[in-house]
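Undergrad: Next come the chains, spelled out residue by residue.
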Amino acid sequence: MPEIVLDDLCKDFDGHVAADHLSLTIGDGEYVCILGPTGAGKTTAMRMICGLTIPDSGRVLLDGRDVTMDSPDSRNATMLTQTYALFPHMTVYNNVMFAPKTKGWPEGESKQIVRSMLHLVHLDQKADWVPGELSGGQQQRIALARALASGSKILLLDEPLRALDARLRIDLRKELRSLAKEMGLTCIHVTHDQDEALEMADRIAVIRKGRIIQFGTPREVFENPATPFVANFVGRSNIFSGKVVGAGDGRVSVDVGGIVLTGRGDGMEPGSEAVLAVKVGFTRLSAPGEGPEGSVKGIVERIVYEGATVTVEVSAGSLGLVSSKLPSARFEEFSVGAAVDVSWPADKATVFQMPAGGLEEEMRLDRWQGSSWTGSPCASAISTPSGTYRSRSGTAST
Amino acid sequence: MSLLKKIDEISGSYKARNAWLTFAIVLFIAIIVIPAIFVVTKLFTEWDLVSGVLNDPASMEVIEGAVWNSFSIAAIVTVIDILVGLPMAWIMVRRDFKGKKWLDTLLDMPLAFPTAVLGISVVMFWGAPEGITIPGLGLDLSPYVMLLFLHIIFTYPYMVRSLSGILEQIDVNYETAAMTLGASKWTAVRTITIPLFRAGLATGFILCFARSLSETGGTYIALTMMGVESTFFTGPSFISWLKSDPTMVDSGDYMGAMILISVVMIVLALILLVVVKWIIARFRIPWKKVWPEIGRSVSRGPLPKVKDVITVVFLIIVVLLPSFYIFAYLTEPIPDIDYGTLLSSTGVSFLVAGVAVLVDLILGIPLSLYIARHKGGKLAGILDGLVNVPLIIPTTALGFSLALFWASFGAGDSMAIVLVILGHISFTYPLVVRNLVGAIEEVNPECEEIAMTLGAKPFRAFRTILMPIIKSSVVAGCILAFTRSLGETGATIAISDSVSTVPIYITNLVQDHMYTEAAMCSIVLIAICFVLMMVVRMLTHRRQGRDA
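These protein sequence lines map, in sequence, to chains A and B.
Here our numbering is used: the first residue of the first sequence is 483, the next is one more, and so on.
Here our numbering is used: the first residue of the second sequence is 82, the next is one more, and so on.
There may be inaccurate statements among the hints.
Ranges between beta-carbon positions, derived for each pair [stated by the list, open to error]:
# : chain 1 : residue 1 : chain 2 : residue 2 : range
1 : B       : F104      : A       : K593      : 24 to 32 Å
2 : B       : K388      : A       : G618      : 37 to 45 Å
3 : B       : R544      : A       : A645      : 22 to 30 Å
4 : B       : V499      : A       : K585      : 43 to 51 Å
5 : A       : I652      : B       : N525      : 53 to 61 Å
Covered stretches of chain B, going by a simulated chain A footprint (3 or more residues, C-beta under 8 Å) [to be verified]:
# : region
6 : 466-479
7 : 499-509
Please keep in mind that the hints were generated in silico from the structure rather than gathered at the bench.
Backbone N, C-alpha and C define an ideal beta-carbon position, used for all residues, glycine too.
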């Protein structure tokens with residue numbers, strides 16, 4: 483049964499490192515999402531698994547067999563890409579028939595497989611159409627049927643939902659996952675959409691600069707991030723930097739410009755530089771004086787209504803702007819300019835050692851985006867995780 | 082079937098694929114690139130002969146004149162093509178009108194005409210050559226001006242095609258955006274669209290310049306009909322003239338002059354290619370200054386209409402009428418044509434063109450795949466440049482160089498037909514490869530990759546996925562190369578005297594002042610080419626229909 487092992491893979495494209503000693507073990511029948519910013523090496527990892535890219539060093543093992551130098555046609559690992567890559571000169575039927583025909587399966591059996599796959603994706607009626615006549619969602623299903631009909635037990639999905647409109651994308655998440663589970667496939671699903679990854683994956687691998695920086699269940703990755711980058715990339719976080727003032731018992735206290743905050747953490751020396759991150763969803767707001775012990779006083783700066791949720795930004799002294807995501811039922815409790823208490827359960831906040839390259843470098847999403855954001859003084863706290871961070875660092879340093 | 086399966090299997094190995102690519106590259110360099118420029122080495126090994134010519138002021142004057150004529154005619158023609166081609170490209174891409182399809186076909190017609198035929202037709206139309214009973218305009222033009230008119234005809238389609246190819250890719254929304262920001266039509270086009278044209282201009286410039294520089298058959302025939310073939314020369318016509326005079330062929334002067342003019346033409350053409358690429362890379366079309374008042378006044382009123390009318394009138398009077406004028410011979414009583422010779426030379430022409438195109442394909446596919454799929458790579462860049470070499474070198478010089486190259490291996494006249502085929506491979510190869518590269522670049526590489534992950538070996542993915550998708554472009558490229566080979570005169574003459582293709586047969590008829598017979602043979606040849614062109618049209622249009 484298919485188990486995928488990536489062992490110390492390296493790949494360099496003219497100086498751009500796409501895989502940097504990348505190792506990952508994926509169990510049989512597992513649905514794994516690879517999550518990472520643009521240019522992190524997600525697609526390269528997939529292409530190395532199915533044999534379209536040959537690594538500079540390291541090994542790829544499928545079922546314990548070293549296939550690093552094997553050609554793509556012999557691996558039984560097929561890919562579903564953003565563009566679907568349906569063969570434009572063939573009908574839907576012939577697209578799905580491609581693998582059975584290529585592999586020389588008996589004709590009767592092949593026909594049956596193709597019919598049942600088309601039925602599975604609810605497109606039996608379109609068998610004689612050509613791909614150009616189908617909608618994006620239909621094309622995506624055909625590509626899926628084509629992949630499933632190949633008998634491959636490993637399915638690599640390279641941002642398969644990216645080109646679809648938002649509503650369809652959300653509907654297809656469940657469908658895709660349950661289909662993969664039903665057929666007993668081992669799936670690797672590359673995405674940069676954190677919601678997609680959190681909802682679909684058995685486990686999430688967060689990749690950055692060609693390295694896996696965390697591999698765990700969605701809850702682990704969300705609530706117990708391995709680095710400040712993961713904390714901010716998977717779900718938005720409020721991030722503060724300061725000096726460690728006390729540690730012990732799995733708790734660390736950090737002094738951020740006079741305000742002492744507490745979170746989970748280990749092995750940090752008092753006096754050392756540290757970063758505390760807490761998800762905006764775990765950040766609570768209460769009426770003045772009603773917050774739990776250790777609450778920080780602040781003034782509401784901005785309220786953004788988002789439908790199901792509402793994000794309230796609070797100016798909290800030396801902490802700068804702190805965001806809190808609340809159910810929109812609480813929308814009317816707040817008004818701009820009102821005083822509030824900000825707090826969070828200490829076990830929902832994580833304290834990290836200050837990254838070696840500095841906080842700014844750590845949070846950078848990728849080369850071009852990083853540089854363009856620093857120049858922008860009014861970086862929105864809403865649009866991107868890096869934006870949240872930038873606006874706060876600006877406040878904190880002044 | 083089992084052979085295909087075998088190739089499928091073999092294609093699975095990297096080694097086999099690399100070996101195949103290496104083989105194609107080596108063959109490309111050995112039978113196309115090196116023979117094309119081999120004559121340059123003769124400059125050193127046969128220096129005595131060359132210096133003999135250099136020291137002969139009379140010969141030097143002729144050679145200098147010939148080279149000057151070739152390059153100045155090519156330059157003037159290209160500039161005129163740009164000036165009239167730009168508005169034409171606009172009409173073809175941005176306008177919709179009845180009969181656009183017809184105009185589209187008409188534009189390509191001069192490509193279907195062998196240039197030798199165009200030579201006859203153009204001189205008949207503008208001048209009043211002796212021995213022709215059909216009255217033309219009867220203007221007394223100098224040979225230089227006559228050649229300008231002739232060369233505009235067969236370069237014009239290349240320019241319009243290159244420019245409209247680029248214009249199609251330039252989003253009309255840029256222009257619209259500029260106009261919503263307050264620019265007049267003229268200012269928008271001048272400051273936004275035209276500066277985006279650089280790549281198209283470069284391609285068009287090189288294609289037109291090279292074509293004009295190369296042209297032999299039509300030029301030589303035009304000069305012969307005007308009776309000035311031994312006093313007025315272009316580079317290629319000089320070589321033809323030397324070849325046509327049997328008393329000259331055995332003298333040392335002949336060899337020296339041939340080598341000298343070939344080397345000069347080749348070297349200047351290559352320098353030009355580099356210089357043009359350099360200039361296009363550096364040169365920016367100025368857009369910073371605007372003159373809103375002028376822009377507004379030329380965008381309104383009758384001026385845009387006048388521009389369109391001039392463009393269409395130019396097309397009709399300078400390009401189309403002179404091309405088709407040869408059909409006036411259909412009003413004459415049909416002369417006795419030597420059908421035996423016509424048929425046998427047609428056979429030779431088809432054999433040469435057919436084999437050349439076949440070899441182009443076999444050698445061209447692996448190279449095109451490599452160039453298209455490794456854009457930006459070093460080796461791909463070098464190969465891409467080398468492919469252009471036979472395109473820019475005048476075919477007469479190329480043919481002469483190639484004949485010398487193979488003669489040094491002992492290939493004599495018994496091999497003449499093979500050498501002619503090799504020559505035709507050289508100058509048609511770039512046409513096929515250009516087309517293939519363009520077509521492959523359009524195809525999503527993921528299609529083939531996915532096919533491989535679904536279990537297809539590389540060669541199977543190629544023949545079941547890529548090939549069917551690019552089929553119509555491949556056919557179009559092949560027919561372009563085929564008609565080009567069918568119409569070629571210069572290279573064939575330069576390589577051998579014994580291989581008689583149709584254009585050579587026609588040239589010989591003209592030299593014997595048998596104009597009516599030459600015209601009838603031309604009409605037969607045009608008919609054949611025209612049928613081929615229609616096939617291309619049908620194929621490409623069917624493709625566009627399906628994409629829509």
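Undergrad: State for each hint whether it applies.
TA: Hint-by-hint comparison with the structure:
| no. | hint | result |
| --- | --- | --- |
| 1 | F104(B) with K593(A): 24 to 32 Å | violated (40 Å) |
| 2 | K388(B) with G618(A): 37 to 45 Å | holds (43 Å) |
| 3 | R544(B) with A645(A): 22 to 30 Å | holds (29 Å) |
| 4 | V499(B) with K585(A): 43 to 51 Å | holds (44 Å) |
| 5 | I652(A) with N525(B): 53 to 61 Å | violated (27 Å) |
| 6 | 466-479 | violated (count 0) |
| 7 | 499-509 | violated (count 0) |
The structure does not agree with the numbered hints 1, 5, 6 and 7 stated previously, though it agrees with the rest.
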